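Residues per chain, in single letters:
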Amino acid sequence: MTSLPAQASPKKLGLVIDLDICVGCHACAVACKEWNTGGGAGPLTDLMPYGAEPDGVWFNRIHAFELGEGEDGRTVYFPKSCLHCDDAPCVTVCPTGASFKREADGIVLVDEDLCIGCKLCSWACPYGAREYDDDAGVMRKCTLCVDRIYNETLDPADRVPACVSCCPVSARHFGDLADPASDVSAMVAERGGYDLMPELGCRPVNQYLPPQARRAAGAETCAASASETAPPDAGSKFLRWLDQMLSR
Amino acid sequence: MSKVEAAAAHPPGDRVACTTCYMCACRCGIKVHLKDGGIRYIEGNRDHPVNRGVLCAKGAAGIMQQYSPARLTKPLRRVGPRGSGEFREIEWDDALATATEWLDAIRRSDPRKLAFFTGRDQSQALTGWWASQFGTPNYAAHGGFCSVNMAAAGLYTVGGSFWEFGEPDWDHTRYFLLFGVAEDHDSNPIKIGLGKLRRRGVKIVSINPVRTGYSAIADEWLGIRPGTDGLLVFALIHELLRLERVDLAFLARYTDASWLVIRNPGKADDGLFARDAEGRALAWDTRRDAAVDAQAPDIAPRLAGEVMLPDGRRAVPALHLLAERCLDAQYAPDAVASRCGIAAETIRRIARELAAAAFEQEIALDIPWTDSAGRRHAKMIGRPVSMHAMRGISAHSNGFHTCRAIHVLQMLLGAIDTPGSWRYKSPYPRPVTPAMKPAGHAHQVAPGHAMSGPPLGFPLAPEDLLVDRDGAPRRIDKAFSWDAPLGLHGLMHMVIRNAWAGDPYPIDTLFLYMANMSWNSAMDPAETTHMLSDKVPSGDYKIPRIIYSDAFYSEMVAYADLVLPDTTYLERWDCISLLDRPIGSAEGPGDAIRQPVVQPDRDVRPFQDVLIDLGARLGLPGLVTAAGKPRYRDYADYIIRHERKPGIGLLAGWRGAAGEHVGIGAPNPLQLERYVANGCFWTHHLPADQLYFKYANRAYLENATHMGFLERARPIVLQIYPEVLQKFRLAALGHGSVQPPDHHRARIATYFDPLPIWYMPFEEAAIDRDAFPLHAVTQRPMPIYHSWGSQNAWLRQIYNQNRLYVHRRKAASLGLGDDDWVWVVSAHHRVKCQIRLVDGVNPDTVWTWNAIAKRAGAWNIAPDAPEARRAFLLNPVISELLPPGEREHHANADPVTGQAAWYDLRIRLEPASAGAVDDTAQRAPLRVPSSLPPAPLRLRYGAPFAPGERAP
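If you read the protein sequences in the order shown, they are chains A and B. Position in the first sequence (first residue = 1) + 1 = our numbering. Position in the second sequence (first residue = 1) + 973 = our numbering.
Everything labelled a hint here was simulated from the structure, so no lab data went into it. In this text, all values refer to a predicted model and were calculated from it rather than measured experimentally. There could be a bad hint or two in this list.
What the hints assert, rightly or not - Here are the simulated DSSO-like pairs of lysine-lysine, each with C-alpha atoms no more than 27 angstroms apart in a straight line:
#, chain 1, residue 1, chain 2, residue 2
1, B, Lys1602, B, Lys1618
2, B, Lys1169, B, Lys1352
3, A, Lys120, A, Lys81
4, B, Lys1805, B, Lys1783
5, A, Lys12, A, Lys81
6, B, Lys976, A, Lys81
7, B, Lys976, A, Lys120
8, B, Lys976, B, Lys1008
9, B, Lys1602, A, Lys12
10, B, Lys1169, A, Lys81
Take the sequences, apply the hints, and build the full model.
Below you can see the structure in the form of structure tokens.
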């Protein structure tokens, strides 16, 4: 079995995902796939890609839900990838040390040279965030684009995970959640960011910002009452109003 | 250190090339990272004005488009019957010689016998011009089944339109209404904008039968009944007028509200504007108590009340007519609520919210500007209400008028091109209406000659219609005829039927590009494939010849006699031209190019190069020199050197011998190099004082004239009451030299109302509504752009089957449960599919994703793939023609523009046995041409790129 770092990492790099503005477009999922399949964590193998049951490795998948009904009903899109937990059960369950959590920044990775494909980690992960590559016989997962965020050959602005860089609505943010002064920490504080399934005790680093209350009947408007229906002479009244001196 | 950690020390690729995406229609800028000649990854270009660095799922999946096993590899000549998929590979010389032989014979006898339709073509500046050079009026792209209602309504009302020629002022708006927008059109720009609005706390109201995607993040979702958006807008206008919450100053100054409309029932001038001797529209000046030039700057015009003109005729201001119509009790919120499925109280509240945002939260930008009358304004005052509308408005038979009603609502709020409102994308606005008329009259078409104008244009009067003396259509698709007088984008959806029926005349060759007309772009694919393969008694096909160009083995390829394989978008030069639909924004004009970033590994050629080559072989006037030699080397050469008018070419940036001019200037031999160096796009940023009120902003109008966008720097007056429509109506009422045949008169008189109207969609009006109680609509999933996207190895893992979404309560009332199989039965046909129960849909509406289903065997996808067994199209139950009744034999289309009305569909659900999807078109699998490679069983894309791996 593999140990987590003895001390909390000074940094907790992770994602903040804003469920208030995610439109479920899958841009993050595909950008992740294309960056990573040709990167250090790849390939993200696809089996029978043109067949009856196409099946591939994806580090990030989007789920759609309906919550509530009628007036209270809403549709929510929920992107899900590895949450880089502080108490990562996928690491402690690993028999070879292939799954590990980095001391410096808390990123959870798989060293594929050590992975024996036993799948214990995917059973241990309560979020279902691990992806087994049947072809290579190794476990794969979100790396937080460790080969982008530390890649000094890239423009500094590009040193963020691919899913963050591409997101058309800017629903995804990357930063250090251990630093209370970081933008992501501020967002979490302001918007009530939350742990996914905190009762499981994994202490995920990634945070979700909940959908905000909708303003169907906006406070900015005066209330209209049903009694204000048009009087029978609304037309002539308006035309009289219209027939006023109006200079350009 | 693990492999992925070690990879951080290496550059991801060895080269980056910018170009323009074509995974959908949005024209985003992309950076393609290459390694060892392969595509390492594609990302958005941060500097690009359309997507500003972001990229959607489609764009990121471009890699799998590039390496799709469905890519055609060589020209093909059909050897088996049409539809058999039996082809013989031929050489390009043979293919081009064959096409030349066929087309040359047509051109020498009757050029109209070539019907050239180009689908989702982004090179219409070339293809439309090529059709003119060939001499055929039978040309259009796919706009007739996409959004011509939006384009026509906008261009004839405000000189711009939603989406292509306009955008909300995302940074300043304080209230946003989104009408009928499916999850595309556009993709990244709307998403970027919606993200901004939610972060700024701006209220978003989505009016849409379906609560997904953009509607899911709206503050308020109004699950409207399809086809009733116009009624809702009428009710909003009714409320605003009743509450006297309209911007009269804006209306008087920038619109035709004060223009006097003649009241002379039964006479030839009834309903036209009163004009002076110089043809200028008149208004009644209350100071002088006289009719004066309506555009004079110093008048106090009447906006209501009848006046008597000096010649004794009576007239009323246009706004008076609008107010009379909209204040009618039939448009009161209570009167429309149940038909729209939206509570009257909600409609009243939205009207008040609109007024509150427009008039109580007005925006004042400290930007002095001068209007076209010379008045100096210290600030730019904005009405921060913006709107956007798209397919859900457009694809109904009442879509033209509904879109006009939305633009009128914007005008009443003073919310057009002001800070915070909807804005024009430069180079719009154009004059209402543009001067360019469609060519194709008898005197313009002659054997061996080019046409003297473009095949598509803007009719301003019945005389501009392309009809014969007896009123018969002159175009094969009947655009610009009494069937579809303002068919600005053509009616591609009617071409195959009309060519098959020889109505209005037989053609010889159907030449299609990038349009899957036998499948997801056809209404009723089974009927369409029958028409494509139907024969006359002699054994010849009814449509004698079909030439098709596509990059992939789409469902349409199997029906072609000659297949010209196209490249992918990453393998060619291309041009997003100001002469077509450019990438301009409200901040300024722009255009873009594509450059080849990878070389084709197959014997394929860019379609645009092929067209240039074919044109030269045919000796088309613009494509050969005086000596008869090819004038252009290829499309790239054409982009650089072709001039539409002196100084105006396909690209507006870096013109002039040294690239010193913008807009107008001599060709620059190094123009493409300049584009490439700038990321493959050009933009021109307008100075601050030209950013708003472009229709009446003196500096903007003068600048636009200098740049060649406008002929003259005259103000563009927004039209509540487009007089053009009344001219058609007067013809129907028996006036003028060009009148409709009798069977069209009532139709034209009704639907060419110069004020917005609402009427029940035609199919709904014609059928037994109790027998077909439900509306059925489709939308495109965000990650997929019709069939080109749904064949993509990555995207098809996201969606490869679709359900019919049914409201939970409705399903219960029908005795249906989740996962049940049903027949979707329309008045036309039926299709079998599986349902999924949901809450977020109008209860009288069912919906599904479109363009996921594939015909078994097409696209080199396994015939037993879910796309063929568990995915379905709604197309089979949509008819091209209206059901039997008074409008029988008319296209199932908007009567003004000919827009295909595929959202008008009404259906019922009948229980079915479990099993596979069933529709007639799916019963015969296509054969995969032997020239295509076997589809891989496993993809390890990118493995060789990993640091430490060797190149493939």
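Now the hints, each set against the structure:
1. B:Lys1602 to B:Lys1618: Judged against 27 angstroms, a Cα distance of about 22 angstroms means the pair holds.
2. B:Lys1169 to B:Lys1352: holds (25 angstroms)
3. A:Lys120 to A:Lys81: Status holds; Cα separation ~19 angstroms.
4. B:Lys1805 to B:Lys1783: Given that 27 angstroms is the threshold and the Cα spacing comes to 18 angstroms, the pair holds.
5. A:Lys12 to A:Lys81: Given pair Lys12 (chain A), Lys81 (chain A) holds - Cα atoms ~22 angstroms apart, limit 27 angstroms.
6. B:Lys976 to A:Lys81: holds (24 angstroms)
7. B:Lys976 to A:Lys120: holds (20 angstroms)
8. B:Lys976 to B:Lys1008: OK: Lys976 (chain B) and Lys1008 (chain B) at ~18 angstroms, within 27 angstroms.
9. B:Lys1602 to A:Lys12: violated (69 angstroms)
10. B:Lys1169 to A:Lys81: holds (23 angstroms)
Comparing the model with each earlier hint shows a violation of hint 9 alone; every other hint is respected.
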